[in-house]
Amino acid sequence: MRFQGILISNLQLCHATRLQARQAKLASSTFTNRNPLLTKNSSHLTINLHTPTSTDLTMDVLLGIRGKDFVLIATSKAFLHGITVVKHTDDKTRALNDHTLLAFSGEAGDTIQFAEFIQANTQLYTMRHSSDLPVSSVASFVRTELASSLRSRHPYTVNMLIGGYDVKKEQPELYWLDYLASSAEIPYAAHGYAQYYCLSILDAHYKKGMGVDEVVGLMKDCYEELKRRMPIDFKGLLVKVVDKDGIRELEGF
Amino acid sequence: MSNPFTLNGGACLAMAGKDCVAIACDLRLGQQALTLSNNFPKVFNYGDVFLGLTGLATDVQTMHSLFRYKVNLYRLREEREIEPETMANLVSSTLYERRFGPYFVSPVVAGINQRTGKPFICGFDSIGCIDFAKDFIVSGTASDQLFGVAEGLWEPDLEPEDLFETVSQTLLNSLDRDALAGWGAHVYIITKDKVTKRLLKSRQD
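Chains as they are written, first to last, in the UniProt record's numbering: chain A, 1 to 253; chain B, 1 to 205.
It is possible that part of the hints are untrue.
[Said to hold, decoys possible] Derived lysine-lysine pairs resembling PhoX-like cross-links, with alpha carbons at most 25 angstroms apart: (1) K208/A to K194/B; (2) K168/A to K244/A; (3) K197/B to K118/B; (4) K220/A to K207/A; (5) K194/B to K134/B; (6) K201/B to K207/A.
Hints listed in this document are in silico derivations from the structure and should not be mistaken for laboratory results.
Construct all of the structure, not just a fragment, from the sequences and the given hints.
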């Protein structure tokens with residue numbers, strides 16, 4: 001399509017910043033509407049920035065397993081842009097407070113913007129109240145924010161896992177949230193294509209009250225299966241543990 | 001995403017008996033054919049009134065917190081519990097507020113009016129049209145099956161224990177014919193002075 005005399009692709013338009021969108025809106029009255037991204041809206045032409053790619057079937061890997069007194073969270077290290085690997089040391093997680101870790105996948109831009117918005121607000125809570133928000137409350141906050149975004153003009157398309165250790169209740173918790181803001185506390189969870197490979201393995205081998213070594217072994221089984229059966233190279237997993245002592249990274253994946 | 005009403009799956013059923021009502025739901029949360037959780041209840045209570053919500057899971061959760069907020073404010077303002085009939089109108093007007101961008105849920109209200117002692121059940125479509133019934137209300141992905149079985153098993157003036165049996169058998173046999181619902185069930189039997197909640201294990205496939 002032609003845009004202020006410069007030829008740009010649909011792909012670039014999808015990832016245009018809000019500023020570019022505003023400029024495009026101003027310029028849009030001068031060109032003809034042949035692009036499906038441009039829709040006629042009563043008096044003027046506007047651009048639909050939100051073109052949902054199938055967000056529930058992302059190639060990014062998010063895995064989470066709740067153990068006896070900890071949660072293990074693994075994310076793929078490949079930063080994908082379509083079918084291109086842009087980076088192979090990506091970290092798709094953010095620490096929300098000392099005992100809560102957020103892992104995310106979804107539309108590029110939305111993911112980090114939303115994750116860091118949540119991170120900033122949980123950290124603000126910690127500063128204001130001199131105590132951390134428990135995991136269940138963080139999950140509830142994230143769900144509420146995502147649910148109100150869902151009914152807005154430009155919803156965030158972000159899938160998340162929230163793993164954490166509740167210091168008061170002395171128990172680990174793992175929350176699964178999708179981009180529609182459905183949330184569930186479950187013993188093991190996955191997002192994207194990885195779901196179809198890993199959930200059956202976890203169904204078969206997960207037991208209540210597993211120790212760190214057992215869960216790491218189970219995570220390795222999932223990793224091996226993904227490497228063997230999934231037709232993309234996700235550049236390995238970044239694995240983190242959340243327990244009463246905080247968040248730490250595990251080697252060997 | 002094809003149809004928001006069938007994306008996550010789930011079923012709910014309410015039946016009226018003699019001075020009692022029952023409301024039940026399954027426990028599945030899925031994404032199309034993939035099951036994510038088998039502990040996702042769809043029946044909630046606000047004081048004396050019970051509300052079943054099937055449909056898009058995110059809207060089930062949003063509606064639950066919205067009604068908890070609205071009924072808590074009602075209780076503070078009126079200094080009494082909300083009646084089932086009032087709750088039905090609250091649900092209806094809340095849904096119609098979103099007439100042109102609805103919440104994708106099919107609610108069911110059940111309860112005993114504490115003032116008159118009368119059993120009350122009703123259902124809604126997603127934009128708040130009330131369906132008053134004196135026998136039963138069904139909703140969710142298994143609603144076709146539930147209609148059939150309930151039509152065959154329900155009879156007037158069932159006692160609480162017989163109503164429990166009828167509701168449970170109706171729900172379980174309908175769930176077995178629906179791939180998107182099942183994985184356990186919650187059944188509430190409500191009389192004027194007692195509520196019994198039972199967990200049904202059901203088939204785990």
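Each hint tested on the structure:
no. : hint             : in the structure
1   : K208/A to K194/B : violated, 35 angstroms
2   : K168/A to K244/A : holds, 10 angstroms
3   : K197/B to K118/B : holds, 20 angstroms
4   : K220/A to K207/A : holds, 16 angstroms
5   : K194/B to K134/B : holds, 21 angstroms
6   : K201/B to K207/A : holds, 19 angstroms
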